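*Asks:* Kindly generate the complete structure, drawing on both the sequences and the hints.
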Amino acid sequence: MPFHVNCYGSMVMRSAGAVAHLFKTEPEPQLPDPPAPTPALCMSVGAALARVIEASPYRVVVMASSSWSHCFLSPVGGWVIPDHAADREMLAALRRADWDAWRNRSLEQIERAGHHELLNWMVLAGAMAELDRKPVIDDWVETYIFQSDKCFASFALI
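Just so we're on the same page, this note's numbering is the position in the sequence shown counted from 1, plus 327.
Hints should not be assumed to be uniformly reliable.
Below, computed lysine to any residue pairings styled on SDA-like, alpha-carbon distance capped at 20 Å [said to hold, decoys possible]:
| id | residue 1 | residue 2 |
| --- | --- | --- |
| 1 | 477 | 372 |
| 2 | 477 | 406 |
| 3 | 477 | 387 |
| 4 | 461 | 387 |
| 5 | 477 | 438 |
| 6 | 461 | 422 |
| 7 | 461 | 419 |
| 8 | 461 | 392 |
| 9 | 461 | 418 |
| 10 | 477 | 421 |
| 11 | 477 | 403 |
| 12 | 477 | 465 |
| 13 | 477 | 424 |
| 14 | 461 | 415 |
| 15 | 477 | 447 |
| 16 | 477 | 412 |
| 17 | 461 | 406 |
| 18 | 461 | 438 |
| 19 | 461 | 403 |
| 20 | 461 | 390 |
| 21 | 461 | 378 |
| 22 | 477 | 463 |
| 23 | 461 | 447 |
| 24 | 461 | 430 |
These are computed hints drawn from the structure, not numbers from a lab.
Since we're looking at a predicted model, the values are computed, not measured.
*Replies:* So this is what it looks like as C-alpha coordinates:
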(Lines of atoms letter the chains of each structure in order from A and count residues from 1; the text may use other names and numbers.)
(Lines give C-alpha, C1' and ligand atoms only; values in the text may rest on other atoms or scores of the structure.)
Protein backbone atom coordinates (compact mmCIF):
# COMPACT_ATOMS: atom_id res chain seq x y z
CA MET A 1 0.00 0.00 0.00
CA PRO A 2 2.15 2.90 -1.17
CA PHE A 3 1.30 6.35 0.04
CA HIS A 4 2.82 9.75 -0.48
CA VAL A 5 4.42 12.07 2.07
CA ASN A 6 4.57 15.72 0.98
CA CYS A 7 8.18 15.84 2.09
CA TYR A 8 9.19 18.92 0.13
CA GLY A 9 6.44 21.04 1.63
CA SER A 10 7.11 24.72 1.11
CA MET A 11 10.06 24.08 -1.19
CA VAL A 12 8.53 22.05 -4.01
CA MET A 13 6.92 24.79 -6.07
CA ARG A 14 9.44 27.48 -5.17
CA SER A 15 12.32 25.29 -6.32
CA ALA A 16 10.41 24.13 -9.42
CA GLY A 17 11.29 20.57 -8.49
CA ALA A 18 15.03 21.21 -8.32
CA VAL A 19 17.19 24.32 -8.10
CA ALA A 20 15.10 27.29 -9.27
CA HIS A 21 15.17 28.72 -5.72
CA LEU A 22 18.92 29.28 -6.10
CA PHE A 23 18.45 31.94 -8.75
CA LYS A 24 17.89 35.49 -7.62
CA THR A 25 14.83 36.28 -9.71
CA GLU A 26 11.73 36.84 -7.63
CA PRO A 27 8.90 34.47 -8.50
CA GLU A 28 5.43 35.72 -9.27
CA PRO A 29 3.39 36.12 -6.08
CA GLN A 30 1.30 33.01 -5.58
CA LEU A 31 -0.33 30.95 -2.90
CA PRO A 32 2.16 29.20 -0.62
CA ASP A 33 2.91 25.54 -1.13
CA PRO A 34 1.20 23.15 1.28
CA PRO A 35 3.44 22.62 4.31
CA ALA A 36 5.24 19.35 4.90
CA PRO A 37 4.09 17.22 7.82
CA THR A 38 6.18 17.34 10.98
CA PRO A 39 8.49 14.47 11.91
CA ALA A 40 6.22 13.69 14.87
CA LEU A 41 3.18 13.43 12.60
CA CYS A 42 5.05 11.19 10.14
CA MET A 43 6.13 8.94 13.00
CA SER A 44 2.55 8.79 14.30
CA VAL A 45 1.39 7.70 10.84
CA GLY A 46 4.10 5.03 10.84
CA ALA A 47 3.05 3.79 14.29
CA ALA A 48 -0.59 3.56 13.16
CA LEU A 49 0.50 1.69 10.04
CA ALA A 50 2.46 -0.77 12.20
CA ARG A 51 -0.60 -1.45 14.36
CA VAL A 52 -2.70 -2.17 11.28
CA ILE A 53 -0.01 -4.46 9.87
CA GLU A 54 0.42 -6.29 13.16
CA ALA A 55 -3.32 -6.99 13.35
CA SER A 56 -3.48 -8.28 9.78
CA PRO A 57 -2.82 -11.83 8.59
CA TYR A 58 -0.54 -10.56 5.81
CA ARG A 59 3.22 -10.44 5.46
CA VAL A 60 4.12 -6.84 4.77
CA VAL A 61 7.26 -4.93 3.95
CA VAL A 62 7.51 -1.36 5.20
CA MET A 63 9.99 0.50 3.03
CA ALA A 64 11.17 4.10 2.77
CA SER A 65 13.30 5.62 0.09
CA SER A 66 15.10 8.92 0.20
CA SER A 67 18.41 10.61 0.11
CA TRP A 68 19.46 12.45 3.24
CA SER A 69 20.61 16.08 3.20
CA HIS A 70 20.12 17.46 -0.29
CA CYS A 71 22.78 20.10 -0.83
CA PHE A 72 20.64 22.18 -3.18
CA LEU A 73 17.95 22.47 -0.48
CA SER A 74 20.31 23.41 2.37
CA PRO A 75 22.11 26.70 2.93
CA VAL A 76 24.46 25.00 5.42
CA GLY A 77 26.91 23.82 2.74
CA GLY A 78 26.43 26.81 0.48
CA TRP A 79 23.85 24.88 -1.59
CA VAL A 80 26.63 22.61 -2.98
CA ILE A 81 27.68 20.32 -0.09
CA PRO A 82 25.34 18.10 1.94
CA ASP A 83 24.91 18.92 5.64
CA HIS A 84 27.22 16.16 6.86
CA ALA A 85 26.94 17.18 10.53
CA ALA A 86 23.14 16.91 10.51
CA ASP A 87 23.33 13.62 8.61
CA ARG A 88 25.80 12.18 11.12
CA GLU A 89 23.57 13.27 13.98
CA MET A 90 20.56 11.52 12.46
CA LEU A 91 22.67 8.44 11.64
CA ALA A 92 23.92 8.23 15.24
CA ALA A 93 20.33 8.43 16.51
CA LEU A 94 19.29 5.75 14.01
CA ARG A 95 22.12 3.44 15.13
CA ARG A 96 20.91 3.82 18.76
CA ALA A 97 17.25 3.43 17.73
CA ASP A 98 16.76 6.79 19.45
CA TRP A 99 13.32 7.37 18.01
CA ASP A 100 12.71 10.38 20.27
CA ALA A 101 15.59 12.20 18.57
CA TRP A 102 13.87 11.57 15.25
CA ARG A 103 10.38 12.42 16.52
CA ASN A 104 11.48 15.64 18.21
CA ARG A 105 13.30 17.04 15.18
CA SER A 106 11.58 20.26 14.17
CA LEU A 107 10.43 20.91 10.64
CA GLU A 108 12.75 23.94 10.64
CA GLN A 109 15.73 21.67 11.44
CA ILE A 110 14.63 19.26 8.71
CA GLU A 111 14.38 22.02 6.11
CA ARG A 112 17.63 23.78 7.12
CA ALA A 113 19.59 20.53 6.74
CA GLY A 114 17.95 19.68 3.41
CA HIS A 115 16.44 16.61 5.09
CA HIS A 116 13.10 17.05 3.32
CA GLU A 117 13.04 13.49 1.97
CA LEU A 118 13.98 12.11 5.38
CA LEU A 119 10.32 12.61 6.28
CA ASN A 120 9.74 9.41 4.28
CA TRP A 121 12.06 7.67 6.74
CA MET A 122 10.13 9.21 9.64
CA VAL A 123 7.10 7.09 8.69
CA LEU A 124 9.33 4.00 8.64
CA ALA A 125 10.93 5.04 11.95
CA GLY A 126 7.50 5.40 13.54
CA ALA A 127 6.55 1.90 12.41
CA MET A 128 9.81 0.40 13.62
CA ALA A 129 9.54 2.19 16.97
CA GLU A 130 6.00 0.85 17.41
CA LEU A 131 7.20 -2.68 16.60
CA ASP A 132 10.36 -2.28 18.73
CA ARG A 133 12.60 -3.17 15.79
CA LYS A 134 16.27 -2.21 15.92
CA PRO A 135 18.03 -0.96 12.80
CA VAL A 136 21.02 -2.52 11.12
CA ILE A 137 23.02 0.01 9.12
CA ASP A 138 23.85 -1.90 5.97
CA ASP A 139 25.82 0.94 4.38
CA TRP A 140 26.49 4.66 4.77
CA VAL A 141 27.78 6.79 1.90
CA GLU A 142 29.03 10.27 2.73
CA THR A 143 29.94 12.33 -0.28
CA TYR A 144 31.14 15.69 -1.50
CA ILE A 145 30.58 14.94 -5.18
CA PHE A 146 26.93 13.86 -5.23
CA GLN A 147 24.00 15.90 -4.04
CA SER A 148 23.31 13.98 -0.83
CA ASP A 149 24.54 11.41 1.65
CA LYS A 150 22.97 7.94 1.52
CA CYS A 151 21.97 5.47 4.22
CA PHE A 152 20.93 1.87 3.68
CA ALA A 153 19.33 0.19 6.68
CA SER A 154 17.24 -2.85 7.42
CA PHE A 155 15.25 -4.01 10.42
CA ALA A 156 15.36 -7.66 11.42
CA LEU A 157 12.19 -9.67 11.87
CA ILE A 158 11.44 -10.66 15.41
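*Asks:* Next, verify each hint and record whether it holds.
*Replies:* Each hint, compared with the structure:
no., hint, verdict
1, 477 <-> 372, "24 Å, violated"
2, 477 <-> 406, "17 Å, holds"
3, 477 <-> 387, "24 Å, violated"
4, 461 <-> 387, "17 Å, holds"
5, 477 <-> 438, "17 Å, holds"
6, 461 <-> 422, "8 Å, holds"
7, 461 <-> 419, "13 Å, holds"
8, 461 <-> 392, "18 Å, holds"
9, 461 <-> 418, "13 Å, holds"
10, 477 <-> 421, "13 Å, holds"
11, 477 <-> 403, "18 Å, holds"
12, 477 <-> 465, "11 Å, holds"
13, 477 <-> 424, "18 Å, holds"
14, 461 <-> 415, "18 Å, holds"
15, 477 <-> 447, "14 Å, holds"
16, 477 <-> 412, "14 Å, holds"
17, 461 <-> 406, "33 Å, violated"
18, 461 <-> 438, "26 Å, violated"
19, 461 <-> 403, "30 Å, violated"
20, 461 <-> 390, "15 Å, holds"
21, 461 <-> 378, "17 Å, holds"
22, 477 <-> 463, "14 Å, holds"
23, 461 <-> 447, "18 Å, holds"
24, 461 <-> 430, "16 Å, holds"
In summary, the numbered hints that this structure violates are 1, 3, 17, 18, 19.
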